[in-house]
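Protein sequence lines correspond, in order, to chains B and Y.
The opening residue of the first sequence carries number 1 in my numbering; numbering runs sequentially from there.
The opening residue of the second sequence carries number 1001 in my numbering; numbering runs sequentially from there.
The hints are simulated quantities; they were obtained by calculation from the structure and are not laboratory data.
Note that the structure is predicted; figures quoted are calculated from it, not measured.
All C-beta atoms, glycine included, are put in the ideal place defined by N, C-alpha and C.
Be careful, since some hints might not be right.
Claimed, not checked - Every beta carbon over 12 Å from chain B, so not counted as near; a handful from chain Y, in silico:
1) Lys1020
2) Ile1060
3) Asn1062
4) Gly1064
5) Thr1071
6) Gly1072
7) Lys1074
8) Tyr1075
9) Asn1096
10) Phe1118
11) Leu1145
12) Ser1170
13) Tyr1173
14) Arg1192
15) Pro1197
16) Arg1232
As the list claims (entries may be wrong) - With a Cα cut of at most 30 Å, we get these calculated DSBU-like pairs of lysine-lysine:
17) Lys1236/Y with Lys1194/Y
18) Lys94/B with Lys1004/Y
19) Lys1194/Y with Lys33/B
20) Lys113/B with Lys1233/Y
21) Lys1100/Y with Lys108/B
22) Lys94/B with Lys1100/Y
23) Lys1141/Y with Lys110/B
24) Lys1194/Y with Lys1141/Y
25) Lys108/B with Lys1141/Y
26) Lys1236/Y with Lys110/B
27) Lys108/B with Lys1046/Y
28) Lys1188/Y with Lys113/B
29) Lys1020/Y with Lys94/B
30) Lys1004/Y with Lys1141/Y
31) Lys1194/Y with Lys113/B
32) Lys94/B with Lys1188/Y
33) Lys110/B with Lys1020/Y
34) Lys1046/Y with Lys1141/Y
35) Lys1236/Y with Lys1141/Y
36) Lys1020/Y with Lys1233/Y
37) Lys1046/Y with Lys110/B
38) Lys110/B with Lys1233/Y
39) Lys1163/Y with Lys94/B
40) Lys1004/Y with Lys1020/Y
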Amino acid sequence: MLPIKFVIEIIVFGFLLIALVVYLVHQNYFSVKYSLIWLLVILSFLTSALIPNFIDGLRSFLGFEILSNMILSIMIGLLILLTLTLTIIVSGQKESIRLLNQELSLLKAKVNK
Amino acid sequence: MIPKILFIIPAYNEEVSILKTIREIHSFNPNWDIIVINDGSTDRTKEILDENNIPSIHLIMNLGIGGAVQTGYKYAAENDYDIAIQFDGDGQHNINDVEKLIEPLLNDMADFVVGSRFLSESREGFQSSFLRRIGIVLIAKTIGLLSQHSVSDPTSGFRAANKRIIHFFSSVYPIEFPEPESLMILHKLNYRVKEVPSIMNERQGGKSSIHSWISAYYMLNVLFSLWIVSLRKYDKY
Chain B
1 MLPIKFVIEI
11 IVFGFLLIAL
21 VVYLVHQNYF
31 SVKYSLIWLL
41 VILSFLTSAL
51 IPNFIDGLRS
61 FLGFEILSNM
71 ILSIMIGLLI
81 LLTLTLTIIV
91 SGQKESIRLL
101 NQELSLLKAK
111 VNK
Chain Y
1001 MIPKILFIIP
1011 AYNEEVSILK
1021 TIREIHSFNP
1031 NWDIIVINDG
1041 STDRTKEILD
1051 ENNIPSIHLI
1061 MNLGIGGAVQ
1071 TGYKYAAEND
1081 YDIAIQFDGD
1091 GQHNINDVEK
1101 LIEPLLNDMA
1111 DFVVGSRFLS
1121 ESREGFQSSF
1131 LRRIGIVLIA
1141 KTIGLLSQHS
1151 VSDPTSGFRA
1161 ANKRIIHFFS
1171 SVYPIEFPEP
1181 ESLMILHKLN
1191 YRVKEVPSIM
1201 NERQGGKSSI
1211 HSWISAYYML
1221 NVLFSLWIVS
1231 LRKYDKY
């Protein structure tokens, strides 16, 4: 069982992050599509903190001696996943920008002829 | 019927040599069309092209050699050209070799022709530095291994394409390492690729698009991308 102080900290931090993501979506800094992955990560943390003995069960299931090691490892794993997702998005955008640049430049050349 | 021929000239900061290159082409054969793809140059390349009424497309931002050349292929496809010739704006390529380059296309003996510095008869002119040549050999061997087709100059930018390849490249063109990757794709799809001997000059101006040629990282990148290309699926045009 996680110490109650730690559970409260996770809940407060989780809700603050949710508020930040919702604010960023609301202000158009984030698109809904890309905010979902963040919300899912935060929600999964909140749920695991709220279900009694879940974290401890997971720790012994995964074979970690110390809880903090497991949390750090999961965090690193999630960050790698997020970075991979962002790399996919950036690569797609680079392709779109190239295509737009080419088509616009061709069109400009045609108009200025 | 006289085939419509277009010179695709990618240019990035080529204010020193671009006009000389174009005059050379025009004086050799005034019927050949030219399109200069100004790849977001920061020097006077754009002004020189506009002042001299040279047909050009000014990319709104720098795309690199691959993106610039593909823009030329898109232009060639839109304007129904029969043959497109990739010709550098820095004076490296030899105008006297162009007829030799397009001959296999005119005779329908090839779909794509590459001018090679390293074919036996052409061991003159600029051959590139020793370390670059080692890199070129390594790339050529890798393409040979992966595609079962031998190539001698996979990084040559002196190339000519027929209509089929023009349309293919206008939709599929590698951007990161365009010369070796495009050869790999064409071989993979069993297009008829031919090499002809060509003499190259040293650059007259501008900067090479390959900055870290000799670095192991660059080589690893090229070899990895060739392997990825060999695994990918492409649709033939």
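Tested hints:
no.	hint	verdict
1	Lys1020	23 Å, holds
2	Ile1060	6 Å, violated
3	Asn1062	9 Å, violated
4	Gly1064	9 Å, violated
5	Thr1071	5 Å, violated
6	Gly1072	10 Å, violated
7	Lys1074	6 Å, violated
8	Tyr1075	6 Å, violated
9	Asn1096	30 Å, holds
10	Phe1118	31 Å, holds
11	Leu1145	27 Å, holds
12	Ser1170	10 Å, violated
13	Tyr1173	10 Å, violated
14	Arg1192	27 Å, holds
15	Pro1197	33 Å, holds
16	Arg1232	14 Å, holds
17	Lys1236/Y with Lys1194/Y	18 Å, holds
18	Lys94/B with Lys1004/Y	33 Å, violated
19	Lys1194/Y with Lys33/B	47 Å, violated
20	Lys113/B with Lys1233/Y	38 Å, violated
21	Lys1100/Y with Lys108/B	34 Å, violated
22	Lys94/B with Lys1100/Y	37 Å, violated
23	Lys1141/Y with Lys110/B	42 Å, violated
24	Lys1194/Y with Lys1141/Y	16 Å, holds
25	Lys108/B with Lys1141/Y	42 Å, violated
26	Lys1236/Y with Lys110/B	29 Å, holds
27	Lys108/B with Lys1046/Y	14 Å, holds
28	Lys1188/Y with Lys113/B	39 Å, violated
29	Lys1020/Y with Lys94/B	34 Å, violated
30	Lys1004/Y with Lys1141/Y	35 Å, violated
31	Lys1194/Y with Lys113/B	36 Å, violated
32	Lys94/B with Lys1188/Y	26 Å, holds
33	Lys110/B with Lys1020/Y	25 Å, holds
34	Lys1046/Y with Lys1141/Y	39 Å, violated
35	Lys1236/Y with Lys1141/Y	24 Å, holds
36	Lys1020/Y with Lys1233/Y	41 Å, violated
37	Lys1046/Y with Lys110/B	16 Å, holds
38	Lys110/B with Lys1233/Y	34 Å, violated
39	Lys1163/Y with Lys94/B	28 Å, holds
40	Lys1004/Y with Lys1020/Y	23 Å, holds
Violated hints, in rising order: 2, 3, 4, 5, 6, 7, 8, 12, 13, 18, 19, 20, 21, 22, 23, 25, 28, 29, 30, 31, 34, 36, 38; the structure is consistent with all others.
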